[in-house]
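Trainee: Here's the letter readout for the chains.
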Amino acid sequence: MNPRQPAPRVMNGTAPESPIESAQTVLQIEDLQTHFFTPVGVVRAVDGVSYALKSGETLGVVGESGCGKSVSALSILRLVANPPGRIVGGAIRFEGRNLLEFSEPEMERIRGNDISMIFQEPMTSLNPLYTCGKQIAEAVALHQGLSKRDSWDRAVEMLRSVSIPEPERRAHAYPHQLSGGMRQRVMIAMALSCNPKVLIADEPTTALDVTIQAQILDLMRALQDKYGTAIILITHDMGVVAENADRVVVMYAGRKVEEANAAELFDNPGHPYTKGLLGSIPHLDTAARTDTKRAKLNEIKGMVPSLFNLPQGCSFAPRCGLASDHCRNHKPPLEEQRPGHWIACWHADRVLGGVAVGAA
Amino acid sequence: MTALLEVEGLKKHFPIHKGVFSKVSGQVYAVDGVSFSIGRGETLGLVGESGCGKSTVGRTLLKLLEPTDGTIKVGGEDITGLGAQAMLPYRRRMQMIYQDPYASLNPRMTAGEIVGEPLIVHNIGTPAERRERVAGLFERAGLRPEAANSYPHEFSGGQRQRIGIARALALNPELIVGDEPVSALDVSIQAQIINLLMELQDEFQLSYLFVAHDLAVVEHISHRVAVMYLGRIVEMTDKRSLFEMPLHPYTEALLSAVPIPKSSARGRKRVILTGDVPSPINPPPGCHFHARCPYAMPRCKTDVPALREVIPGHFASCHLHDGGVKVPLGAAA
Ligand SMILES: Nc1ncnc2c1ncn2[C@@H]1O[C@H](COP(=O)(O)OP(=O)(O)OP(=O)(O)O)[C@@H](O)[C@H]1O
Ligand SMILES: Nc1ncnc2c1ncn2[C@@H]1O[C@H](COP(=O)(O)OP(=O)(O)OP(=O)(O)O)[C@@H](O)[C@H]1O
Ligand code: SF4
Ligand SMILES: [Mg+2]
Ligand SMILES: [Mg+2]
Numbered sequence: 001m002n003p004r005q006p007a008p009r010v011m012n013g014t015a016p017e018s019p020i021e022s023a024q025t026v027l028q029i030e031d032l033q034t035h036f037f038t039p040v041g042v043v044r045a046v047d048g049v050s051y052a053l054k055s056g057e058t059l060g061v062v063g064e065s066g067c068g069k070s071v072s073a074l075s076i077l078r079l080v081a082n083p084p085g086r087i088v089g090g091a092i093r094f095e096g097r098n099l100l101e102f103s104e105p106e107m108e109r110i111r112g113n114d115i116s117m118i119f120q121e122p123m124t125s126l127n128p129l130y131t132c133g134k135q136i137a138e139a140v141a142l143h144q145g146l147s148k149r150d151s152w153d154r155a156v157e158m159l160r161s162v163s164i165p166e167p168e169r170r171a172h173a174y175p176h177q178l179s180g181g182m183r184q185r186v187m188i189a190m191a192l193s194c195n196p197k198v199l200i201a202d203e204p205t206t207a208l209d210v211t212i213q214a215q216i217l218d219l220m221r222a223l224q225d226k227y228g229t230a231i232i233l234i235t236h237d238m239g240v241v242a243e244n245a246d247r248v249v250v251m252y253a254g255r256k257v258e259e260a261n262a263a264e265l266f267d268n269p270g271h272p273y274t275k276g277l278l279g280s281i282p283h284l285d286t287a288a289r290t291d292t293k294r295a296k297l298n299e300i301k302g303m304v305p306s307l308f309n310l311p312q313g314c315s316f317a318p319r320c321g322l323a324s325d326h327c328r329n330h331k332p333p334l335e336e337q338r339p340g341h342w343i344a345c346w347h348a349d350r351v352l353g354g355v356a357v358g359a360a
Numbered sequence: 361m362t363a364l365l366e367v368e369g370l371k372k373h374f375p376i377h378k379g380v381f382s383k384v385s386g387q388v389y390a391v392d393g394v395s396f397s398i399g400r401g402e403t404l405g406l407v408g409e410s411g412c413g414k415s416t417v418g419r420t421l422l423k424l425l426e427p428t429d430g431t432i433k434v435g436g437e438d439i440t441g442l443g444a445q446a447m448l449p450y451r452r453r454m455q456m457i458y459q460d461p462y463a464s465l466n467p468r469m470t471a472g473e474i475v476g477e478p479l480i481v482h483n484i485g486t487p488a489e490r491r492e493r494v495a496g497l498f499e500r501a502g503l504r505p506e507a508a509n510s511y512p513h514e515f516s517g518g519q520r521q522r523i524g525i526a527r528a529l530a531l532n533p534e535l536i537v538g539d540e541p542v543s544a545l546d547v548s549i550q551a552q553i554i555n556l557l558m559e560l561q562d563e564f565q566l567s568y569l570f571v572a573h574d575l576a577v578v579e580h581i582s583h584r585v586a587v588m589y590l591g592r593i594v595e596m597t598d599k600r601s602l603f604e605m606p607l608h609p610y611t612e613a614l615l616s617a618v619p620i621p622k623s624s625a626r627g628r629k630r631v632i633l634t635g636d637v638p639s640p641i642n643p644p645p646g647c648h649f650h651a652r653c654p655y656a657m658p659r660c661k662t663d664v665p666a667l668r669e670v671i672p673g674h675f676a677s678c679h680l681h682d683g684g685v686k687v688p689l690g691a692a693a
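Top to bottom, those sequences are chains A and B. Note that our numbering gives residue 338 to position 338 of the first sequence, counting from 1, and the numbers run on in steps of one. So the mapping is simple: our numbering equals the position in the second sequence, first residue as 1, plus 360.
You may find that some hints are simply not true.
With a Cα cut of at most 25 Å, we get these calculated PhoX-like pairs of lysine-lysine [as the list claims (entries may be wrong)]:
(1) A/Lys134 / B/Lys383
(2) B/Lys629 / A/Lys226
(3) B/Lys622 / A/Lys296
(4) B/Lys378 / A/Lys134
(5) B/Lys378 / A/Lys148
(6) B/Lys686 / B/Lys661
(7) A/Lys301 / B/Lys622
(8) B/Lys383 / B/Lys371
(9) B/Lys433 / B/Lys371
(10) A/Lys148 / A/Lys134
Label-pair restraints from in silico Cβ distances [said to hold, decoys possible]:
(11) B/Val631 / A/Pro339: 33 to 41 Å
(12) A/Asn195 / B/Val631: 16 to 24 Å
(13) B/Pro449 / A/Gln144: 52 to 60 Å
Derived from the structure by calculation, the hints contain no laboratory data. Source: prediction; values computed, not measured. Backbone N, C-alpha and C define an ideal beta-carbon position, used for all residues, glycine too.
Using the sequences and the hints given, assemble the complete structure.
Mentor: Structure follows, in structure tokens:
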């Protein structure tokens, strides 16, 4: 294991000479396709997604609920249940080697060691029958070869680092005896305990209040600075994305529809879906307070298309205010509209030009 | 507004056992004397640090957990001591949207069966009417109709959350305890659900206890907001006063730690609170917040500040206001 130089953090996202450019790519996902074969048809949950990740970098992944963010993350670790799920195409290169060609024992060594994951729903991955301390200690013992005693101490120390009060006592608690946010932090402690090269964080802070959230994100950043960890940050919290991500991938219905450096994405969204998404964020502002009648929030009207049966053209067309016949009939390719800014939309130039994208 | 729900002095303590058969070695003071009321057609937002007791308040007031102490009244009737049978009619009027959808949906039932189950339990409608009602609920929660035949594990996290929302709405309840009901949703679907909840409220005078960490969402949907810290309410008032003039230092810290969804936020440091999070097993004496409070005074370490009406309609428990209201909180004495 070669200790890599941590990439310095870029404070101004628009810096043209980002030092991250020169860092080494740790993980590369190429044209990943993960489908579910169900009795009623094939669900194309991930349908040709590519992205790359450099050490020390944080990649934000955002998108509509159900668009394939978690399934693509689980695919990286080959944790999609088969059947009914199967990775039917693409490659996942970790330090140059395709994980899809690894044997199961080889994968076991990668998981939780080189690549670890904070799962979206803690109860899916915490064992209800074991205390939290034991679960972390076992992970530590397995991957770092520590003694029983030392791994327990390490577990307690990890619980303390994620702000669990009285960790010595709480290490003896079972998952159901903890609050939602405490369970989430137990999982974070477990994922961070082995200093992974790649950390996949799937909605890591949804159950946390903003002050503890800030501490946890700081902890993740400290780990990143120290070990050059690359982070995939999947989240619905656009504030968390804005503060932490170097680049952002936007997904819609199993595909990547936009990718850009974070500042560029927030300032100049180029896909109508991204623009609608940013427009739906509720802001803490006086507008909502001064009105005696509560204002309606902006929303993107309509529903994501069925993944059994994706429209022929652009998947977003049924909900898009700019959709033309061409959009409905032809899938827009992902194109580099500006340096480093990729967009899959026939009307990207108009969106970048500032045209309103009102609902269909 | 007449109060639909009145909670007085609510406590919930969990015993800690050392080992499976051995004696109780302590208590988790999860909820330790909480009082509030919610009017018809009103939303009370409930915010606070992770682990401070919000979910326990919700589950105890619906009597999914037995309260240790205190009273719970619904429409003026005391339900605190009612047994399972006597609770049944109240169960129909009060529903919960759970924080952890994965753990709260039966894995062996399809989404359609889950949403329709309360209708069967309470004997409502014919099978055909129930199917129609379920279809309508799916649509309102933003779920595709064909999803009714899928099992919980076949959904994404946010889709599962919407199944829980549809189930809670099935019986046209009067009170919904929403425990982080929208935190698993992307902002666009979140907006749809919040708009839906506000519409239903205006139409049917629904009452909500809305637990959430996203303060912008809380600000949007609530009429009043209560802030909890380590088992107690430390501040409660209408949302405008709370967001514009927080009177408790914890509320102030919370508001200033909100992440900003703008490109200029890159790399922003917002760790405001340092110091160890106090434990509900050994709550500190005096003000629960004193070890982390930037304004703590000697008396904060020994005297418990009472929750009192510092300004008409604005309750706070903090010694800073003992000699009259002090704003800003950090002003020289
Ligand atoms: N076992 C399964 N069988 C069939 N379909 C599945 C299965 N698991 C996931 N899916 C489908 O795959 C799609 C992608 O799911 P995924 O969990 O990746 O969404 P997501 O982007 O993470 O959403 P969220 O933001 O709500 O977590 C969803 O539409 C879901 O219904
Ligand atoms: N069944 C239980 N046994 C023992 N302790 C419990 C139990 N349920 C909850 N607790 C404890 O009660 C306290 C309050 O938990 P609760 O779930 O109400 O917090 P919360 O405010 O909802 O937090 P979060 O925002 O993280 O969901 C926590 O310290 C938790 O560990
Ligand atoms: S009572 Fe004292 S310690 Fe508590 S919040 Fe007020 S000033 Fe801070
Ligand atoms: Mg997900
Ligand atoms: Mg909770």
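Trainee: Evaluate each hint against the coordinates.
Mentor: Here's how the hints hold up against the structure:
1. A/Lys134 / B/Lys383: holds (22 Å)
2. B/Lys629 / A/Lys226: Given that 25 Å is the threshold and the Cα spacing comes to 18 Å, the pair holds.
3. B/Lys622 / A/Lys296: Cα-Cα ~21 Å, so holds.
4. B/Lys378 / A/Lys134: Holds, because 15 Å separates the two Cα atoms, which is no more than 25 Å.
5. B/Lys378 / A/Lys148: holds (20 Å)
6. B/Lys686 / B/Lys661: Answer holds: B/Lys686 to B/Lys661 is near 19 Å, not above 25 Å.
7. A/Lys301 / B/Lys622: holds (23 Å)
8. B/Lys383 / B/Lys371: holds (22 Å)
9. B/Lys433 / B/Lys371: The hint holds at about 15 Å.
10. A/Lys148 / A/Lys134: holds (10 Å)
11. B/Val631 / A/Pro339: 33 to 41 Å: At 34 Å between Cβs, range holds.
12. A/Asn195 / B/Val631: 16 to 24 Å: holds (21 Å)
13. B/Pro449 / A/Gln144: 52 to 60 Å: Hint holds: Cβ distance 56 Å, inside 52 to 60 Å.
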